[in-house]
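First to last, the sequence lines map onto chains A and B.
Residue numbers for the first sequence follow the working numbering, so the first one is 2 and each next one is one higher.
Residue numbers for the second sequence follow the working numbering, so the first one is 45 and each next one is one higher.
I should point out that these hints are in silico values taken from the structure, not numbers from a laboratory.
In this text, a Cβ means the ideal position worked out from N, Cα and C, and glycines have one as well.
Treat each hint with caution, since some may be false.
[To be verified] Pulled a few chain B residues facing chain A out of the computed Cβ check, cut under 10 angstroms:
no., residue
1, N134
2, K137
3, A212
4, I298
5, L301
6, I527
7, G534
8, D539
9, E541
10, S556
11, F607
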Amino acid sequence: MNSMTLSLNDSTLAAPTSRRIFAAYLAETRYELMRQLRNPGLAIPVLILPVGLYCLFAFAVGAEWIAKDANVGTYLFAAFAVMAVSMPALFGIGATLAVERDSGLFRLKRAQPAPAGAWLVAKIACGIGLGIISYTPMVIVALASGKLALTTAQLAAMSGALLTGTIPFCAMGLMVGTLVSGSAAPGYANLLYLPGCYLSGLFFPLPASMYWQTPIWPHFHLQQMAMHAAGATKFLREPILMAVASLVGYTVLFSAVAIWRLARKG
Amino acid sequence: MNNTIDSRLHALDAVRSFALLLGVAFHAALSFLPGTPPGAWFATDNSTNQFLGDAAFVTHIFRMSLFFFIAGYFGRLLYQKLGAGSFWANRLKRILIPLVAGWVILSPIISYLWIKGITRAFGGTLPPMPAMPAGFFPLGHLWFLYQLLLIYVVVISVRSLVARLDPAQKLRGLVDRAVSGSIRTMAGTFTLGLPVAAALMSLPFWIYWMGIPTPDMTLMPQIPASVGFGTAFVFGWLVHRSNDALAAIAQRWISNLGVAIVATGWLLHSMHLEPMAQPGLTKTVYALVFGVASWGWVLGLTGAALRFLPNYSATRRYLADASYWIYLAHLPLVVALQMWVSDWPLHWSVKYPFILVVSFAVLFASYHYLVRPTFIGALLNGRKYPRNSGRKPLPPGSTPSPASPPPADPINGGAVAQLRGITKRFGAVTALNSIDIEVRRGELLAVLGPNGAGKSTAISLWLGLIEPDAGAVTLLGGEPQDIARRRGLGVMMQDVEMPKELHARELVALASSYYSNPLTVEETLKRAGIAQFADRPYGKLSGGQKRQAQFAVAICGRPKVLFLDEPTVGLDVQARQALWKSIRALLADGCSIVLTTHYLEEAEALANRVAVIHKGRVIASGSVDDMRALVARRQITCESTLTADEVRGWPGVVDVSHDEARLKITATDAEGVVRRLLASDAKLARLDVRQAGLNEAFTELTREAT
Numbered sequence: 002m003n004s005m006t007l008s009l010n011d012s013t014l015a016a017p018t019s020r021r022i023f024a025a026y027l028a029e030t031r032y033e034l035m036r037q038l039r040n041p042g043l044a045i046p047v048l049i050l051p052v053g054l055y056c057l058f059a060f061a062v063g064a065e066w067i068a069k070d071a072n073v074g075t076y077l078f079a080a081f082a083v084m085a086v087s088m089p090a091l092f093g094i095g096a097t098l099a100v101e102r103d104s105g106l107f108r109l110k111r112a113q114p115a116p117a118g119a120w121l122v123a124k125i126a127c128g129i130g131l132g133i134i135s136y137t138p139m140v141i142v143a144l145a146s147g148k149l150a151l152t153t154a155q156l157a158a159m160s161g162a163l164l165t166g167t168i169p170f171c172a173m174g175l176m177v178g179t180l181v182s183g184s185a186a187p188g189y190a191n192l193l194y195l196p197g198c199y200l201s202g203l204f205f206p207l208p209a210s211m212y213w214q215t216p217i218w219p220h221f222h223l224q225q226m227a228m229h230a231a232g233a234t235k236f237l238r239e240p241i242l243m244a245v246a247s248l249v250g251y252t253v254l255f256s257a258v259a260i261w262r263l264a265r266k267g
Numbered sequence: 045m046n047n048t049i050d051s052r053l054h055a056l057d058a059v060r061s062f063a064l065l066l067g068v069a070f071h072a073a074l075s076f077l078p079g080t081p082p083g084a085w086f087a088t089d090n091s092t093n094q095f096l097g098d099a100a101f102v103t104h105i106f107r108m109s110l111f112f113f114i115a116g117y118f119g120r121l122l123y124q125k126l127g128a129g130s131f132w133a134n135r136l137k138r139i140l141i142p143l144v145a146g147w148v149i150l151s152p153i154i155s156y157l158w159i160k161g162i163t164r165a166f167g168g169t170l171p172p173m174p175a176m177p178a179g180f181f182p183l184g185h186l187w188f189l190y191q192l193l194l195i196y197v198v199v200i201s202v203r204s205l206v207a208r209l210d211p212a213q214k215l216r217g218l219v220d221r222a223v224s225g226s227i228r229t230m231a232g233t234f235t236l237g238l239p240v241a242a243a244l245m246s247l248p249f250w251i252y253w254m255g256i257p258t259p260d261m262t263l264m265p266q267i268p269a270s271v272g273f274g275t276a277f278v279f280g281w282l283v284h285r286s287n288d289a290l291a292a293i294a295q296r297w298i299s300n301l302g303v304a305i306v307a308t309g310w311l312l313h314s315m316h317l318e319p320m321a322q323p324g325l326t327k328t329v330y331a332l333v334f335g336v337a338s339w340g341w342v343l344g345l346t347g348a349a350l351r352f353l354p355n356y357s358a359t360r361r362y363l364a365d366a367s368y369w370i371y372l373a374h375l376p377l378v379v380a381l382q383m384w385v386s387d388w389p390l391h392w393s394v395k396y397p398f399i400l401v402v403s404f405a406v407l408f409a410s411y412h413y414l415v416r417p418t419f420i421g422a423l424l425n426g427r428k429y430p431r432n433s434g435r436k437p438l439p440p441g442s443t444p445s446p447a448s449p450p451p452a453d454p455i456n457g458g459a460v461a462q463l464r465g466i467t468k469r470f471g472a473v474t475a476l477n478s479i480d481i482e483v484r485r486g487e488l489l490a491v492l493g494p495n496g497a498g499k500s501t502a503i504s505l506w507l508g509l510i511e512p513d514a515g516a517v518t519l520l521g522g523e524p525q526d527i528a529r530r531r532g533l534g535v536m537m538q539d540v541e542m543p544k545e546l547h548a549r550e551l552v553a554l555a556s557s558y559y560s561n562p563l564t565v566e567e568t569l570k571r572a573g574i575a576q577f578a579d580r581p582y583g584k585l586s587g588g589q590k591r592q593a594q595f596a597v598a599i600c601g602r603p604k605v606l607f608l609d610e611p612t613v614g615l616d617v618q619a620r621q622a623l624w625k626s627i628r629a630l631l632a633d634g635c636s637i638v639l640t641t642h643y644l645e646e647a648e649a650l651a652n653r654v655a656v657i658h659k660g661r662v663i664a665s666g667s668v669d670d671m672r673a674l675v676a677r678r679q680i681t682c683e684s685t686l687t688a689d690e691v692r693g694w695p696g697v698v699d700v701s702h703d704e705a706r707l708k709i710t711a712t713d714a715e716g717v718v719r720r721l722l723a724s725d726a727k728l729a730r731l732d733v734r735q736a737g738l739n740e741a742f743t744e745l746t747r748e749a750t
């Protein structure tokens, strides 16, 4: 073994090349994704539930309405697609981060010379990646069964909107993950998430008397954004800029809480 | 001390370049504002957008005040460093020459574009020119350099006056306290805007959107700008004077940003209701809230930068160097692009990013090839970089710029990690009480102590996870938060669970990716002795195997300093021996190691030096032999009629205590003492002799220490 000299100029302390930094980001993302996919408690419900529910509603509960009005098909698809892309972001990030903080791993990561923000990029990329894995079967089912009457361009625009829309849910996951302990994280995440699914009208159309409260839920804004992107003509309740601005606002709010909390508690 | 100052300068440099680069984005947005009257800007786009207008307004609230605030801070720093003569020579070169040369070169281009734009806006004919202000002179966007020079003149004159009137620094001491107090209590956020608010209120014709009217048409000093930016500059100057003002700014960043966001929200809301200031209460309130918003942003953004960007970064250094040139040169290019795209049948969301991307691409390229390696770079930033040096900064020395890269090899005196005069409290508990420990190059320092002694706190300080309340922490010659230092450390913490779904091999591969020159994964697995279970999920490993996997993660980056916090807890004898062997190999390789442990034999087997911490203090430190002597003591207990005082004087007795009927003796020569005990007291009963455990050693040491 060669003896090492102690100097900041030597290869150990030198800044890594940009290729190595890129590789570090990639490794962080890859292992984060592997972790989450290998955790059946997380992966199965998150990946199977949305497509299962969509099948139930599209083929059994709402089949007649869809046949009468294609806009209903778009509405239902957008609703369950919101679930598909947001669940992995929220539950994946929230639960893993909370566990990492509990288990001391987060402290260890802070001490290691990981590129700044690599863990964050990894978590967000992973949230989006799992969102794609969860969303793709829905697209296949919808297209194969003809329950979704959209042009390719409309579908592409909608998919783009949905996947971008995972970011506020990533931020929500970060917030939950920094606020609560590992064992409580899925519970609290559900407490925030499930009422939102119902009250924003994802599962069934809401009576007009309940419209006042829908803007509280990020789900609502994401569904509206997705439907605008798909060029829907009905069930639009807010202009697209409002939906985008609200989602940006929620991202900022959730991230701010997470940053504040991380800065104080680590 | 130097490190803290340097880290401040890195952060403030980042803020300054942010303010300047934001100016480019601001000007690029100006052709997209809805409802702009023709002729108000070079071009009006056919696709306008309210959001972009609002965003531009928000940046306009603070960007110039932020610039002048930082200019004030650096102004005093430079004045202190250079003295009056060199200060003026320096400012002449950096500010006056760019102002004059920039104006001579840029103003014909800008004027040409202006006439072309205005002709187009009025359907092909040049409208009659409005009345010009007194002392008309089209400074254009270079007004800020002129304004800066004016402020320098006034502030330096006042400074000399104050220095004469206040020789004992009484007044200035008072001001220093007021400055840091106003930041800590956030009174500054609410009062610093008062002067500019008063100036704005008095304007007969004030467009809310403009904020502080830009003094770009005349050489006559304008009241609102001079008051507003002058306040910012002076406060920056005073913040540099005060010892703890920057720390207070860093602490209050989130509250200041909160105030800024709320105030800005209100401003946007009111502006949409009524775009032009009407005399009366609304105008007064608007002016006041404008001042609050402006200072909230200035202090909040500066604080956030101090908090999050304290380290030297080559990229930020590059941006900071480039930003001055970019701001000086950007306007003609941005405007020409705005005029070019204004008729395109495209949405603003395509055109605005297009303008930004093209402008920044051209400006950065021009900086990189025409400015950075030439005399222009030397003029603007005080140094030039050789061509083809990429983004690597030159070593300092010749750099008069306030923020310089970390020195090349600052490790001195053989210490690779030091805690000096460290005190750390957690609430009412003092975990460390002004302790000094250092780790020398190539040695293994064992830190011993009972639970709660402060061992893990010491390690957390070295790892940069917590900050001391007092004292200085150095790691490899710098601050432990510096990522370059962290590349030289490896760590194995207590109570850490790695992700249970990943295999040991994957954990090592991930950790290796963080380092510049790690061992290969196979080599790490071999050295840590975990190759045989490297492909099993971490969650399925035994307690000892988990510790070994963590050890592998700690050593994969060829660390210069390795922190091992209780590494062998839960290991069986074989695994412990294997770990010791790996540790010895690392020492032979020149690695320095800090090891905390409960096991004395571990310290004996491995350590060059030992430090014992108890209740936050170092109560003993020395070689392993010193410790061995300490542990050679034995504890004798018995029931005896002899008193403690009788026994105390005997040879070989270190300490005696008496509780109830039992005598407790600590002895270096246990056999001799026992022989004499038996001889002196025929009724002696329940004799017990045992090796003094570490706990006894600690208790005793503590008693000796106090």
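Satisfaction of the S556/B interface hint, Cβ to chain A closer than 10 angstroms: Where the cut-off is 10 angstroms and the nearest Cβ of chain A is about 8 angstroms from S556/B, the hint holds.
Proposed interface contact between A212/B and chain A, which counts if any beta carbon pair is under 10 angstroms: Not OK, violated: A212/B not within 10 angstroms of chain A, min 41 angstroms.
Restraint satisfaction for F607/B [CB to CB of chain A, less than 10 angstroms]: Holds. Min distance 8 angstroms.
Interface hint outcome for I527/B [beta carbon to chain A under 10 angstroms]: Nearest chain A Cβ about 5 angstroms off; hint holds.
E541/B as chain A interface residue, shortest Cβ-Cβ below 10 angstroms: holds, 4 angstroms
Proposed interface contact between I298/B and chain A, which counts if any beta carbon pair is under 10 angstroms: holds, 6 angstroms
Restraint check, 10 angstroms cut-off on beta carbons, for K137/B near chain A: violated, 32 angstroms
Hint status (Cβ of G534/B to nearest Cβ of chain A, threshold 10 angstroms): Interface hint status for G534/B: holds (9 angstroms vs cutoff 10 angstroms).
Given hint D539/B near chain A, where the shortest CB pair must fall under 10 angstroms: holds, 5 angstroms
Status of the hint placing L301/B at chain A (closest C-beta pair under 10 angstroms): holds, 9 angstroms
Hint check, N134/B versus chain A [nearest Cβ-Cβ separation less than 10 angstroms]: With a closest approach of 30 angstroms, the N134/B hint is violated.
Hints 1, 2, 3, counting from the list given before, are not met by this structure.
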